[in-house]
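Peer 1: Chains as they are written, first to last, in this note's numbering: chain A, 1 to 393; chain B, 1 to 305; chain C, 1 to 289.
Please note that the accuracy of each hint is not assured.
Only pairs whose alpha carbons sit at most 20 angstroms apart, straight line, appear in this in silico SDA-like list of lysine to any residue [what the hints assert, rightly or not]:
| no. | chain 1 | residue 1 | chain 2 | residue 2 |
| --- | --- | --- | --- | --- |
| 1 | A | Lys211 | C | Leu146 |
| 2 | A | Lys71 | A | Asn61 |
| 3 | A | Lys170 | A | Lys211 |
| 4 | A | Lys221 | C | Gly138 |
| 5 | B | Lys135 | A | Lys223 |
| 6 | A | Lys203 | A | Pro271 |
| 7 | A | Lys123 | B | Pro23 |
| 8 | A | Lys204 | C | Leu270 |
No lab work stands behind these hints: they were computed from the structure.
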Amino acid sequence: MNWTSAIKAIAAALSAAMLAPALAQDSPVRIGYAIARTGPWSAGAQVSQEPNYIMWAEQVNAAGGLSVKGKKRKVELIGFDDRSEAETMVRTYEKLMTSDKVDLILPPWGTGANFAVMPLVQKHGYPMLAPTATGRKLLEMKNPYFFALLQQPDRMMDALAEYLAARSIKTVAFIHVDELFGLEQASALEKSLKAKNIQIIEKKSYPLGVKDLQPVLNDIKAKNPDAFISLSYPPDTFLVTGQAKAIGFNPKVFYAAVGTAFPVYRDKMGPMAEGVMGLGTWNPKMSPQAKAYFDAHVARWKKEPDRWASAHAWAGLQILQQSVEKVGLDRKALRDHIASAEFDTVIGKIRFRNGENISTPGVVSQWSGGEFEVVWPPQNATGPSLFPKPAWK
Amino acid sequence: MSTDLRRILVLLVAASTALATLPWLASDFMLSLALTCLLYVGLAVSWSMFSGATNYLSLATSAFFGIGAYVTAWGFESLPYAVVVPLGGLVAAAFAALVGAAVLHLRGAYFAVLTFGLGELVRHAITYAEKTYAKTVGRVIADPPESIDVYLTVLLLAFLAVAVCATVRASRFGLALAGIGADEERAQTLGVNTRRTKILAFALAAFFAGALGAAMAVRWTYIEPASVFNPFIGFQTVLIAMIGGAQTLIGPIASAVIFSVMTEMLRLQFPYAYLITLGVLLILLVLYLPGGMASLFRRAWKPNA
Amino acid sequence: MTFWIELVATGLITGGIYALVALGLNLQYGLMRVMNISHGEFLMLGAYLTWLAHTVFGVDPVAFLPVVAILLFVLGLAVYRLCFQRIVRTSPSVEVIEARSLLIGFGLMYLVQNAAYLAWGADMRGYSYLSDPVQIAGARFAGNSLLAFGFAMVASLSMLALLRWTMLGKAVRAMMQSPAGAQLVGIDTRVLHPAVFGLGLALAGVAGALLSMIYEITPGMGEPYTVTALIVITLGGLGSAAGCLAGGLLLGLVEAFGMHFTSPSLKMLLSYGVFIGVLLARPKGLFAR
Numbered sequence: 001m002n003w004t005s006a007i008k009a010i011a012a013a014l015s016a017a018m019l020a021p022a023l024a025q026d027s028p029v030r031i032g033y034a035i036a037r038t039g040p041w042s043a044g045a046q047v048s049q050e051p052n053y054i055m056w057a058e059q060v061n062a063a064g065g066l067s068v069k070g071k072k073r074k075v076e077l078i079g080f081d082d083r084s085e086a087e088t089m090v091r092t093y094e095k096l097m098t099s100d101k102v103d104l105i106l107p108p109w110g111t112g113a114n115f116a117v118m119p120l121v122q123k124h125g126y127p128m129l130a131p132t133a134t135g136r137k138l139l140e141m142k143n144p145y146f147f148a149l150l151q152q153p154d155r156m157m158d159a160l161a162e163y164l165a166a167r168s169i170k171t172v173a174f175i176h177v178d179e180l181f182g183l184e185q186a187s188a189l190e191k192s193l194k195a196k197n198i199q200i201i202e203k204k205s206y207p208l209g210v211k212d213l214q215p216v217l218n219d220i221k222a223k224n225p226d227a228f229i230s231l232s233y234p235p236d237t238f239l240v241t242g243q244a245k246a247i248g249f250n251p252k253v254f255y256a257a258v259g260t261a262f263p264v265y266r267d268k269m270g271p272m273a274e275g276v277m278g279l280g281t282w283n284p285k286m287s288p289q290a291k292a293y294f295d296a297h298v299a300r301w302k303k304e305p306d307r308w309a310s311a312h313a314w315a316g317l318q319i320l321q322q323s324v325e326k327v328g329l330d331r332k333a334l335r336d337h338i339a340s341a342e343f344d345t346v347i348g349k350i351r352f353r354n355g356e357n358i359s360t361p362g363v364v365s366q367w368s369g370g371e372f373e374v375v376w377p378p379q380n381a382t383g384p385s386l387f388p389k390p391a392w393k
Numbered sequence: 001m002s003t004d005l006r007r008i009l010v011l012l013v014a015a016s017t018a019l020a021t022l023p024w025l026a027s028d029f030m031l032s033l034a035l036t037c038l039l040y041v042g043l044a045v046s047w048s049m050f051s052g053a054t055n056y057l058s059l060a061t062s063a064f065f066g067i068g069a070y071v072t073a074w075g076f077e078s079l080p081y082a083v084v085v086p087l088g089g090l091v092a093a094a095f096a097a098l099v100g101a102a103v104l105h106l107r108g109a110y111f112a113v114l115t116f117g118l119g120e121l122v123r124h125a126i127t128y129a130e131k132t133y134a135k136t137v138g139r140v141i142a143d144p145p146e147s148i149d150v151y152l153t154v155l156l157l158a159f160l161a162v163a164v165c166a167t168v169r170a171s172r173f174g175l176a177l178a179g180i181g182a183d184e185e186r187a188q189t190l191g192v193n194t195r196r197t198k199i200l201a202f203a204l205a206a207f208f209a210g211a212l213g214a215a216m217a218v219r220w221t222y223i224e225p226a227s228v229f230n231p232f233i234g235f236q237t238v239l240i241a242m243i244g245g246a247q248t249l250i251g252p253i254a255s256a257v258i259f260s261v262m263t264e265m266l267r268l269q270f271p272y273a274y275l276i277t278l279g280v281l282l283i284l285l286v287l288y289l290p291g292g293m294a295s296l297f298r299r300a301w302k303p304n305a
Numbered sequence: 001m002t003f004w005i006e007l008v009a010t011g012l013i014t015g016g017i018y019a020l021v022a023l024g025l026n027l028q029y030g031l032m033r034v035m036n037i038s039h040g041e042f043l044m045l046g047a048y049l050t051w052l053a054h055t056v057f058g059v060d061p062v063a064f065l066p067v068v069a070i071l072l073f074v075l076g077l078a079v080y081r082l083c084f085q086r087i088v089r090t091s092p093s094v095e096v097i098e099a100r101s102l103l104i105g106f107g108l109m110y111l112v113q114n115a116a117y118l119a120w121g122a123d124m125r126g127y128s129y130l131s132d133p134v135q136i137a138g139a140r141f142a143g144n145s146l147l148a149f150g151f152a153m154v155a156s157l158s159m160l161a162l163l164r165w166t167m168l169g170k171a172v173r174a175m176m177q178s179p180a181g182a183q184l185v186g187i188d189t190r191v192l193h194p195a196v197f198g199l200g201l202a203l204a205g206v207a208g209a210l211l212s213m214i215y216e217i218t219p220g221m222g223e224p225y226t227v228t229a230l231i232v233i234t235l236g237g238l239g240s241a242a243g244c245l246a247g248g249l250l251l252g253l254v255e256a257f258g259m260h261f262t263s264p265s266l267k268m269l270l271s272y273g274v275f276i277g278v279l280l281a282r283p284k285g286l287f288a289r
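The following block holds chain A by itself, in its conformation from the complex (with noise of 0.2 angstroms):
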């Protein structure tokens, strides 16, 4: 059998295939995106970004339609898994963009994802508002189709320090991982912390997946630092808490970054969460529009919502919104009204510079009697922080 011919067959049923749907009606508005489903990176994807989606999608359609320019029209979203792998994933948004040409896209979750879809983004002028990409080195590719919804690193470490100096603490150790979100946050938070005059006695890295902290932790206790900060992902969050608590090892302040946000958080460790802080940006006491996504969250998916990202993607689905309701689709115009205007979001008032949103403040959480409290700055908190922390329960 000649391999060519049947290269060729495949390929022309594929095309059938895929042109198929672009020849339908185009009455709805086609909204495409890959995110993880399986894999790595879905624990995230499926608590913070893609829940949003569908909510939103379903919202939007059961008040009729979006609204492009005043006419309502359906919104269908076309959703892929991209198993966690990044040219999985750039060959679903090549997909979207080439053969399906759909309206608008939807972020992956993750900033290694978002790197990868970037020249893609400027290639085909998709406008992309990510909930779950951060760093420097994404917004110094200056991608004019790119924006980046969640607070930078140096933005959240600089609130962190504020809080610390303003509660005189004198001491700190900290450990990171050793991605590139850890690095970003550790050179903020040492930039940050310097500014404050607090010196830092002990930092160490970890790699990724490491099952067991309990030496590291024991020596930084041994050093007895005011505070201590966890630059972790989820999973070594978890560790650490669960550890820290074995030790016995109860400084005045104890932060983790990445996954104190998460409901599970407060589900896995129980009592134990009280106390801890880390990064987020909001819970539904903030405002009645906070609340009202909350309820709509926790009746729609059984779930909670989590307290950094998941509003974010709210937001930028809101952004969205706003944006195609003034503009239409034309890709190019919703670019530059994004890039200009101010927006009212879930979280607050919205405005982008070189692709950052220059808006939401940095925050410092606590988990404080069953809420991620915000509790610094104190114009921005929604409850008062507890200080020193408490015991472990």
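Fit chains B and C to the supplied structure of chain A, relying on the hints for placement.
Peer 2: Leaving out everything else, chains B and C in the frame of chain A:
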């Protein structure tokens, strides 16, 4: 050159030339799909050149692929694409030769697990070195080459892999490898320098894996150890080659294409359940077609040397 | 002094858990040369079952352990019958069994892992159990880690005793050494094979149940444990139960000491370095048979 080999090479050139026209005929997505097929053709064929013949089941493909990718990550700023790709292959081959000299006396499952461990070792070594000396953990490729260039490069590499494999199989070198696979001690008594033969073949297979890694890396913009040293690449290569029939030439090729296309079609049609279907198909295939897919072709194709 | 006790103990606890995870795989490989790459997926199932029982029905995880063991034993019998029996019986040589069981293992891995994604979603799950610290000789450990370690020791030592001193154990060892010979003296592989496979999965499930008390649970949690299990049994010597225990403990100690004396970042490098080093010196593992 034997007539069989000549016939294979002629067919290969024809097929590759036809495939080279694809960028102008097909959509971006189809091109990407073809790219994936070609990638796994290259990986599976070069893998079977060593592991299929000698029965030394290597899981080091991920290590070589990742090394190649990092050569691109480090070198792309100062060197052109056409240089980093073969350079990635050479570095991977050198690494394979070095490592092979030390570990190719291990057998069976020990060898397999050890080669797997190698991939992880290299990954962690690079993470550590990058973090400590370069103060970073990922590298950004700022100005990647056009998709057409990537496609044609991978096509060329796949073509070379198949051509080299076919040539090796028809040569005394290939005969020696097959002999090692059949009965290593016997091959040794018959005068084969088994150590040198194995190392050479191991390095040759590594060259292609490394070059392919170097070529593909530019598609992801951001290179980090966890994603380029993904062990799944190695697993999938082994899977494809063995399902196709690792002792044959056509087996891995057909298997690579069919597996890639089928996985993609399943993924797009059944966004939630496709991997389960794949798992079931795989199990059925191994249970009821133990000779691999190549055994299906044996009836329609003349047996190769 | 307390510090050294804690360091060694931490290493042993981690190592003991590694050995526990590897125990089931070792049995399956040693007896049948079945390389069950999906081993970790059954560990994951044990974790999910325990989590469900505890959070939905309020069952005590420790009390649930025997249930997990039985459920996974039965599942193991079914999996063996459906997926592996044909290979073990019809393959021309042990290398072929290894190769084919490897491929079947992949298929099972896809199947089980993705069934879990479909059934329970990708979200992380977890519950808190026995997380209160326990003091031993001045050193402190989490209760759940000690439990896992204790169980690992009991299981490993029982397995060793079983293999060495009971008729069943002798039958299994006979089968490992010489399948043909064992059959000649009347040992029935048709019963032994499925039973040992089932036992292997039961051990994986119980390991998963214990780990679910300590770590968070996701459908993808099994793969790293499969990798660890493979490293441990290769390090210890394929098929050797004593080697499995020794390999696991060694790895745990290397990690703990490595983390303290160098840095956690080097921990992985050290583990793999030691692993490769041991194999270079002793190509068939520590306790080669």
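Peer 1: Is Lys221 (chain A) within 20 angstroms of Gly138 (chain C), Cα to Cα?
Peer 2: holds, 15 angstroms
Peer 1: Keeping to a limit of 20 angstroms between CA atoms, is the pair of Lys135 (chain B) and Lys223 (chain A) held or broken?
Peer 2: Status violated; Cα separation ~26 angstroms.
Peer 1: Holds or violated: are the alpha carbons of Lys123 (chain A) and Pro23 (chain B) at most 20 angstroms from each other?
Peer 2: holds, 17 angstroms
Peer 1: Between Lys204 (chain A) and Leu270 (chain C), does the CA-CA distance stay at or below 20 angstroms?
Peer 2: holds, 17 angstroms
Peer 1: Given the hinted pair Lys211 (chain A) and Leu146 (chain C), is their alpha-carbon gap at most 20 angstroms?
Peer 2: holds, 15 angstroms
Peer 1: Is the Cα-Cα distance between Lys170 (chain A) and Lys211 (chain A) 20 angstroms or less?
Peer 2: With Cα atoms ~30 angstroms apart, Lys170 (chain A) and Lys211 (chain A) exceed 20 angstroms; violated.
Peer 1: Mind checking the alpha carbons of Lys203 (chain A) and Pro271 (chain A) for me, to see if they're no more than 20 angstroms apart?
Peer 2: Cα-Cα ~28 angstroms, so violated.
Peer 1: Taken at face value, is the distance from the CA of Asn61 (chain A) to the CA of Lys71 (chain A) at most 20 angstroms?
Peer 2: Holds, at about 13 angstroms.
Checked against the numbered hints given earlier, this structure breaks hints 3, 5, 6; the rest are met.
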